[in-house]
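Could you build the full structure based on these sequences and the hints that come with them?
These are the residues of each chain, in order.
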Amino acid sequence: MRDNPLWPHLATIVKIVDETPDVKTFRVVLDDPGARENFRHRPGQVALLSVFGQGEATISISSSPTRRDYLEFSVRRVGRLTGVLHQFEEGYKIGLRGPYGNGFPLEELRGRDLLFVGGGIGLAPLRSLINYMLDRRDDFGSVEIVYGARSVADLCFKEELFTVWPKAPGVRVYTTIDRPEYGWDGHVGFVPSYLAELAPSGAGKYALICGPPIMIRLVLQELAGLGFPPERIVTTLELKMKCGIGKCGRCNIGSTMVCTEGPVFNLARLQALPPEY
Amino acid sequence: MKEITLNLRARAMELLAGGRVDLVIGYGTGSLPEFVRPVFVDRPERAGELIFNPLCAQNLTKYVLDYRDRPGRVAVVVKGCDSRSINQMMADGQLDREKVFLLGINCPGLADPSLLTGAAGRRDWQVESVPEGFRLRWPGGERLLPRDEFLMYRCRTCEHHNPVVYDELLGDPVPQDEAPDRFAEVRRIESLAPAERAAYWDALFARCLRCYACRNACPACTCRECIFDRPEPEWVARVVAPQSNLAYHLVRAMHVAGRCVDCGECDRVCPVGIPLREINRKVLKELAVLFGAPTPGTAYPAPEPLATFSVTDPEEWL
Amino acid sequence: MSVTTLTAGVISREDLVRLLAGPASEGRLMAPVRVAPEVVLFVPVRDPDAITLDYVNSTVPPKEYLFPRAEKILGWRGSGPQLELILPPELQPLVLFGVRPCDLRAITVLEPVFGGAYPDLYWRRRRELTTIVGLGCTEPGPYCFCVAWGISPVAAPEADLMLTPLEPPAAGGYLVAVQSAKGEELLRRSGVGPQAAGTEPAVLRERRTAELTARFRRLIDPTGVERAAERLFEHSYWRELARRCLGCGICTFLCPTCHCFNVIDRTAPDGSGGRYRCWDSCLFERFTLQASGHNPRPTRAERLRNRLLHKLSYHRTRYGLEGCTGCGRCVAACPVNIDIAEVVADLKGLMT
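Protein chains in written order, with the working numbering: chain F, 1 to 277; chain E, 1 to 318; chain V, 1 to 352.
Since the hints were made in silico from the structure, they are not lab data.
Please note that the accuracy of each hint is not assured.
[Claimed, not checked] Covered, in the sense of this in silico footprint (three residues per stretch, anywhere, with C-beta under 8 angstroms from a C-beta of chain F), are these stretches of chain V: (1) 67-76; (2) 115-126; (3) 281-293.
Every residue gets a Cβ at the ideal spot worked out from N, C-alpha and C, and that includes glycine.
This is the structure:
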């Protein structure tokens, strides 16, 4: 079944990290050495994870392709399939199909200053690009990361957020939570308003956003005011997908199939699509 | 029926112009002579779109559910069979009576379009109901057809030519003769040996595509979230297969049991010709036999056999 | 005349029975049978005489032999660390007889969907194993409009063997064209030897096409309708049309070019199970409903617009092929008379 695009490759869960009360990062290794070798993804691409008996879910690959020993998927428990997946243990097998989608436009981003804006689990696809960029640090300019979640417990990737990324050269991390909490001395407020306070200049910079739709909408308004043109605002769309390969007919926006022509879009492209997402 | 159409248009125009209703849901001409379609007349100037002829089979009351939560009132055209749905919706707590203005039609019976095409020998005909039967007209010809030979299948066992609930009647009352046994086909199927009966239904359910037209057209199916749409828990497998198809139809029949008004829409809409009405009629027969219950929706309020407990209920199984 | 060099000839009605007798007796023949007064279905046929020839088209399109309504794509056993995958059941070669030109064209329309960068093995395998015997039309149906899309009702290239009835009701025989090696193989194994055609086959087909085209009930001209996607996307037309739509799946399931599917896992009590690819409908409410509760197409208006624009515009934009083949099934079966031919005229009218 090597050439069957609907046939999942088996992968074993080698590590599970509890990021938040409802998000876990699953580190998996493909069982077949050939499949491992051939799986080369770009940051921003997705894979379809099989939980046999429940079905498949489209999940962003949250690990960077520069770290080839494993693949990581950060999954929020929202429904039946993710509920069952959250009960899995290390050593359990899942299925994997991918990588699918267009990923972030790496060629365009090379040499540029980058502003990452993430909310909640939205940091997952951005993390793949952030770590890629840190592994290829000289290929990119300055990096600012503005990230927020409902509470401290809901912040994803805490180790990278507090320890790894702030220590990286030319990287500044700004974290916020929605409401004040005992023991948190950091910023309190929603991501869009934090962004307004920080007011990073858009000159020559790319903004990469991922988060809940409401956050994205408000952030887009802020970015317009900060001088980011639509071609340099990049986001990744989340749509229901069942095949990932342009056949099941459900992820289209007008005549564009998001699984093969997205899920990464810049704002200029997004504005040209019919309002159906 | 031409008179009914004219009355209907006049009343619709008055109701809309006077602001008594915001919308009139009725029938209009379809894209070809053998079709009619639901029309949603929201302005008095559009009242001319309304018609009533022997092709007007659809039970329009289902659409009332789309509008009942909005301010204002809608008018809906109902035949006898359709009107039972209104009573049942009220009994189910799905509808407040003042949200609908019922334009009742006294219907002597509808015509089967394919039989009409056969009688005309061509497709560009028009049909109206006259006291003697159906008058079929086409360019250069016409025929008067005896009603009982050209009756739409569902009308052969009509219980209510005249609406059982209405705000206005738009025609003259039609005498209600003793209808043929509604349960004749149910009895026929019951008389089959179990293996034969199973084979009969298995062959039919193997055709089912799970298009859910039967459910979507049914005025008794009013759940905001249907259990057959829920992936969790998956009560009936969503995969199309004879066993899960059987389960879907039987479970749905149980869900509408006691609330199905026998309007026949499920049958009419099924694209692969499964006689779904007979499943619901089996339940209706049981209600008639066990409880002496009339068809649900015949009156409102009315005692509901499956929603009422009485110490005198039959209990021969104890 | 050697079959391998014959590209066309004439066979009789009796020859047709002989052509299909072998596959029928082997249980490999799928052919149209009238199962109810208004319902014709492609079903397994053991006796060629049981085949219905008096039909315009089947109720359910023959796409289900290449893209089944439910197809097991894989199985598994074990769980947790012991999980292993199992191949789906082997398929058998089939002969699919009686496929009309509109449904044959639909195969071409669907090819880029199931092909492309990720070729679908299930579709491919079924195409390879299925010998399609096409059957040209003798009379346009009341809702047919294949000619509007440039499709001839008489013959189509997708069939392995293409039969064109020489005169209704085909008592006079069929013009047969061998259009592939599989077609040739079927002919050869049956022992049927076509006679030379009296008139040049291409001339015959052209004449029949012209005769039939003149008898279509409606003349539809879809030129330019694909621009509706761009120009009428936000028009209130869709909301008005969707008022009467019931949101069922009749049009999508009866459509020979609809291909949307769902992938559903089923588990047996012992933990083993299978993954099934099943027909799904973009008109169903939950089609694009996300786990978060967000639905990009929240009402029937958006969903109906999506289906109609997919047929009339998107498919052509993506693949250069018209999405509709004018088979008319959706027109015949829609319980509320949403008529795609009428929609074409409406949209063009709105764009002038």
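Now for the hints, and whether the structure bears them out:
1. 67-76: That given contact holds, which follows from 3 residues of the region 67-76 of chain V lying within Cβ reach (below 8 angstroms) of chain F.
2. 115-126: The restraint on the region 115-126 of chain V holds, since 7 of its residues have a Cβ under 8 angstroms from chain F and three suffice.
3. 281-293: holds (count 7)
The structure is consistent with each of the numbered hints, conforming to all of them.
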